[in-house]
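Residue numbers (our numbering), protein chains in the order written: chain A, 237 to 597; chain B, 13 to 523.
Everything labelled a hint here was simulated from the structure, so no lab data went into it.
Incorrect hints may appear among the rest.
Per label pair, the in silico range of CB-to-CB distance [unchecked claim]:
no.: 1; chain 1: B; residue 1: S117; chain 2: A; residue 2: F243; range: 42 to 52 Å
no.: 2; chain 1: A; residue 1: D244; chain 2: B; residue 2: H32; range: 37 to 47 Å
no.: 3; chain 1: B; residue 1: D470; chain 2: A; residue 2: F243; range: 45 to 55 Å
no.: 4; chain 1: A; residue 1: R279; chain 2: B; residue 2: S117; range: 43 to 53 Å
no.: 5; chain 1: B; residue 1: N397; chain 2: A; residue 2: K481; range: 17 to 27 Å
no.: 6; chain 1: A; residue 1: V551; chain 2: B; residue 2: S390; range: 14 to 24 Å
no.: 7; chain 1: B; residue 1: G398; chain 2: A; residue 2: V551; range: 31 to 41 Å
no.: 8; chain 1: A; residue 1: K481; chain 2: B; residue 2: L495; range: 50 to 60 Å
no.: 9; chain 1: A; residue 1: V499; chain 2: B; residue 2: G398; range: 51 to 61 Å
no.: 10; chain 1: A; residue 1: E240; chain 2: B; residue 2: S390; range: 56 to 66 Å
no.: 11; chain 1: B; residue 1: N391; chain 2: A; residue 2: F587; range: 40 to 50 Å
Simulated pairs of lysine-lysine, DSBU-like, Cα-Cα distance not exceeding 35 Å [said to hold, decoys possible]:
no.: 12; chain 1: A; residue 1: K481; chain 2: B; residue 2: K408
no.: 13; chain 1: A; residue 1: K459; chain 2: A; residue 2: K481
no.: 14; chain 1: A; residue 1: K330; chain 2: A; residue 2: K459
no.: 15; chain 1: B; residue 1: K91; chain 2: B; residue 2: K14
no.: 16; chain 1: B; residue 1: K408; chain 2: B; residue 2: K380
no.: 17; chain 1: B; residue 1: K438; chain 2: B; residue 2: K380
no.: 18; chain 1: A; residue 1: K414; chain 2: A; residue 2: K436
no.: 19; chain 1: A; residue 1: K414; chain 2: A; residue 2: K481
no.: 20; chain 1: B; residue 1: K438; chain 2: A; residue 2: K459
no.: 21; chain 1: B; residue 1: K522; chain 2: B; residue 2: K14
no.: 22; chain 1: A; residue 1: K308; chain 2: A; residue 2: K414
no.: 23; chain 1: B; residue 1: K408; chain 2: A; residue 2: K308
no.: 24; chain 1: B; residue 1: K91; chain 2: A; residue 2: K308
no.: 25; chain 1: B; residue 1: K40; chain 2: B; residue 2: K14
no.: 26; chain 1: A; residue 1: K481; chain 2: B; residue 2: K40
Here are some, though not all, of the chain A residues that point toward chain B, as calculated from beta-carbon distances under 10 Å [unchecked claim]:
no.: 27; residue: M269
no.: 28; residue: A273
no.: 29; residue: L283
no.: 30; residue: P314
no.: 31; residue: V315
no.: 32; residue: L350
no.: 33; residue: D391
no.: 34; residue: S421
no.: 35; residue: R488
no.: 36; residue: E507
All C-beta atoms, glycine included, are put in the ideal place defined by N, C-alpha and C.
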Amino acid sequence: MMRELEFDELEALAIGAGVLGTGGGNHPHLELMCAQADYLRGRRVTLLDPQELADDARVAVVCIMGAPLVTKERLPEPVAICKAVRLMEEHCGKPFDAIMSIEIGGENAFFALLVGMELGLPVVDADTMGRAFPEAQMASFAIRGLPVTPFAIADIRDNAVLIPVAENATRVERIGRKTVVELGSIAGTCAAPRTGREVKDHAILNSISRALSIGNAVLDARKAGANPVASVLEAENGALLFTGKVQDVSRRTTDGFVRGCAVLSGAGAFEGQRLEIDFQNEFSVARLDGVRIACVPDLITVLDEETAEAIGTEVLRYGQRVAVIALPADPIMTSPEGLAVTGPRAFGFDFDYQPFAEKTV
Amino acid sequence: MKRIGIDVGGTNTDAVLLDHNRIIRSIKTATTTDVISGIRTAVDHILGGSDADADGIRAIMIGTTHFTNAVIERRGLSKVAVIRIGLPAAHSILPMQAWPADLRSEVEGPTFLIRGGHEFDGREIVPFDDERMREVALEIRDSGVTAAAITAVFSPLTSECEERAAAILRDVVPGVSVTLSSQLGRIGLIERENATILNSALHRLARDTVAAFETAVSESGLRVPLYLTQNDGTVMPASQAVRFPVLCFASGPTNSMRGARMLSGLDEAIVLDVGGTTTDAGVLVSGFPREANSKVDIGGVSTFFRMPDVVAIALGGGTIVDEASGRIGPQSVGYRIMEKARVKGGDTLTLTDVAVRMNRMEFGDVSKVSELPNSLVSNVDAWVNGRLAELVDRMKTSAAAVPVIAVGGGAALVPDELPGVSTVIKVEHAGVANAIGAAMAQVSGECDQVFYGVSRDDALAQARDMAERRALEAGADIETVQLLDAEDIPLSYIPGNPLRVRVRLIADLKA
Chain A
237 MMRELEFDEL EALAIGAGVL GTGGGNHPHL ELMCAQADYL RGRRVTLLDP
287 QELADDARVA VVCIMGAPLV TKERLPEPVA ICKAVRLMEE HCGKPFDAIM
337 SIEIGGENAF FALLVGMELG LPVVDADTMG RAFPEAQMAS FAIRGLPVTP
387 FAIADIRDNA VLIPVAENAT RVERIGRKTV VELGSIAGTC AAPRTGREVK
437 DHAILNSISR ALSIGNAVLD ARKAGANPVA SVLEAENGAL LFTGKVQDVS
487 RRTTDGFVRG CAVLSGAGAF EGQRLEIDFQ NEFSVARLDG VRIACVPDLI
537 TVLDEETAEA IGTEVLRYGQ RVAVIALPAD PIMTSPEGLA VTGPRAFGFD
587 FDYQPFAEKT V
Chain B
13 MKRIGIDVGG TNTDAVLLDH NRIIRSIKTA TTTDVISGIR TAVDHILGGS
63 DADADGIRAI MIGTTHFTNA VIERRGLSKV AVIRIGLPAA HSILPMQAWP
113 ADLRSEVEGP TFLIRGGHEF DGREIVPFDD ERMREVALEI RDSGVTAAAI
163 TAVFSPLTSE CEERAAAILR DVVPGVSVTL SSQLGRIGLI ERENATILNS
213 ALHRLARDTV AAFETAVSES GLRVPLYLTQ NDGTVMPASQ AVRFPVLCFA
263 SGPTNSMRGA RMLSGLDEAI VLDVGGTTTD AGVLVSGFPR EANSKVDIGG
313 VSTFFRMPDV VAIALGGGTI VDEASGRIGP QSVGYRIMEK ARVKGGDTLT
363 LTDVAVRMNR MEFGDVSKVS ELPNSLVSNV DAWVNGRLAE LVDRMKTSAA
413 AVPVIAVGGG AALVPDELPG VSTVIKVEHA GVANAIGAAM AQVSGECDQV
463 FYGVSRDDAL AQARDMAERR ALEAGADIET VQLLDAEDIP LSYIPGNPLR
513 VRVRLIADLK A
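Chain A with its partners taken away, still in its complex shape (with noise of 0.2 Å):
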């Protein structure tokens, strides 16, 4: 079913995105100001469930790459997809019928609504993560063996970059981030278009929905003066995994990512607890009093405790008092092909992946 985004539902989303972007991601915050913007003009955003794709309609996967730092200054550049989207459609001799995004965890859920708006074409109810992940190799369409190239490139100047052909999609991944830094660390990216079926087939379905669901949720808790982080728990069927205080946070860079840890002392019912979480851009695993209750894929989340607000990984700091979730992981991600890439193993752990317990709060 076709439907126009609310103007209210904006807000929903960006909350949910932050959610889903387990740290990494970036906090949509500015996009969503983009998008307000955008309706204000009269835009609107038409979200299109995956079910109503016909077999043979044309898809464009598209994501903004690059430093959020840079966004910061930058600010979103939609455009710069666009032309990525545009350069493709000329490579191909065919036009899109819908914009998809290949992340709905953090800013990356915004852009293929902006895309969408700037370009008048719907937006797929999908991505291909269901979270927020690192890098290429991670998404369902990479992992179900569909090809990532051609992969188009552009910035908001006249530069644009098209891998027409790639061994495979780690190979996509560190041509584009070399592309990228090229270009002042920020560029639109089309990744090889996917057809109505291969979405139905090999997409993480009714993400941007999910995403909305958990920020109505919050929205509402906030409105009625419940408890937002029950509410989501109770929307997601996720699990309290933590409350409780941050006490220390380490980081490192080591080849363009943030390693670090977390440690939280625990409050409430938590008290005299201590949780310890990993995290690679993402939070990836949480071990509690030294033991381990959640990793990757599964989705770990750190919100402020009042507000449910995400915390992401690059603004963690001392003494923020904080909740932590966990939410399941889609099945294609902890398919044995998805683990092979997205479960601890592909973040450098040595051990396998485990769901995280399903507890009631």
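Dock chain B against chain A, hints included.
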């Protein structure tokens, strides 16, 4: 070293004369509409007519909520020409887009986006467009607007574009007041631009207000440097406050917390500042106010200034108690307590009256409240205890009992014992804690910059040198320089191991 601290609030002007940590004299007086006469009254009182007391005064520190209130109340603001340098980037959100409509219409002048700006690594995005800037300057001249705010992409790394634009603008529009975003620092274009625009909008008010302060001081016969307090508990010279009034935002709560620290000698405590209408709770960590987690809006505008983490509840000396229903607050008689309270012969029962009845404070005529029924008094007592205990609990970071320092005009309202509190500390001069905090304020120096290809230790050392230079410029005593805060964040997705380093130093004012 003697100093005078003055807190010019919306209702009261408080002043105190300190000799080192000793309070020689203090006063609480009404803020006057001309500001000057209120300050003069206060200064004359604390000098006590004695030249001996005026001798050896090193500085006057003024804390004021004037600039914050001007933004919140939308008054005294100037129109600002807004120039953003960054095209073809940095245009998807327009300047002032998220500002409240009323504030925006008050401040927004002609707005221009022009080509230029830098990348994260110092390369140009595109060459700066001098020619277009000259056209922009002519338009600004013709618009009659007298203030401008210039923001370029990545100007905290290199301010070249902003400086070129300012030079052209000053050339075409002599006398124009210009704020460059790089002077205010910090990565984050929108927040930095917002602060830059607010700063320019305040330029006339800042000039007039600081001139009024200077007049009041010189009329009092004092020939000492004047400083204004900033939101981080430090001061800047008046001349700098004229140029950067936004740095004074939220200095009020900071001053009262710093004053509470001096009066109590405690570095770690919760401070309850009980006024006429509200109680503000804040937390002292290592002697400084704990900062709020999230960015704080000023009058609905998002800026990057970190503010003290303060929670306010409707509980003050003037809070009205309805005798018939037993309902308490949230209404308050506020500053009219002197006429409205029962103990002062007024017609309204307030928390102050109940506190007098309970012998918690001496104020007015106790016989006016001796007939109050015990049940009412104990209900009110329980309500105050419950509200304050809840407030303290919200500010706490662990279950351990913490000390509470009560300050403000209504400090006596705070009971001597509270659940979860180790001791309730009531201090002399609690009513003028904010003026004491202003008098005690130190100077600071900050550096917030991204370093490339430098080891972490070298980056921190360079940042510290830069911060120290700035502290010295602000009048710091080199012997007392202390590191207040150092933070380093590696930046993801950027090669060359860039490290964003923020270092803040504080020091005593040089004697």
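_K481 of chain A paired with K408 of chain B [C-alpha distance capped at 35 Å]_ = Roughly 11 Å separates the two Cα atoms, so the pair holds.
_Would the hint linking K330 of chain A and K459 of chain A be met if the CA-CA limit is 35 Å?_
violated (47 Å)
_Looking only at beta-carbon atoms, does the pair K481 of chain A, L495 of chain B fall within the given range of 50 to 60 Å?_
Cβ of K481 of chain A to Cβ of L495 of chain B: about 23 Å, so the range 50 to 60 Å is violated.
*Are the Cα atoms of K414 of chain A and K481 of chain A separated by 35 Å or less?*
violated (38 Å)
*Answer holds if the nearest beta-carbon of chain B is closer than 10 Å to that of M269 of chain A; otherwise answer violated.*
holds (5 Å)
*asked:* Tell me if the interface restraint on L283 of chain A is satisfied: Cβ within less than 10 Å of some Cβ in chain B.
replied: violated (21 Å)
*Under 10 Å, Cβ to Cβ, is where E507 of chain A needs to be relative to chain B, so tell me if that hint holds or is violated.*
Holds - the Cβ of E507 of chain A comes within 10 Å of chain B, reaching about 7 Å at its closest.
*Holds or violated: K481 of chain A with K40 of chain B, Cα cutoff 35 Å?*
violated (40 Å)
*Holds or violated: K522 of chain B to K14 of chain B, with C-alpha atoms at most 35 Å apart*: Judged against 35 Å, a Cα distance of about 12 Å means the pair holds.
*K438 of chain B paired with K380 of chain B [C-alpha distance capped at 35 Å]*: Roughly 26 Å between the alpha carbons, so the hint for K438 of chain B and K380 of chain B holds.
*Decide if the proposed pair is consistent with the structure: K40 of chain B and K14 of chain B, CA atoms, cutoff 35 Å inclusive.*
Between K40 of chain B and K14 of chain B the Cα gap is close to 19 Å, so the pair holds against 35 Å.
*35 Å Cα cutoff - pair K308 of chain A, K414 of chain A*: Holds, because 21 Å separates the two Cα atoms, which is no more than 35 Å.
Hint compliance for this structure: hints 1, 2, 4, 6, 8, 9, 11, 14, 15, 16, 19, 20, 26, 29 are broken, all remaining hints hold.
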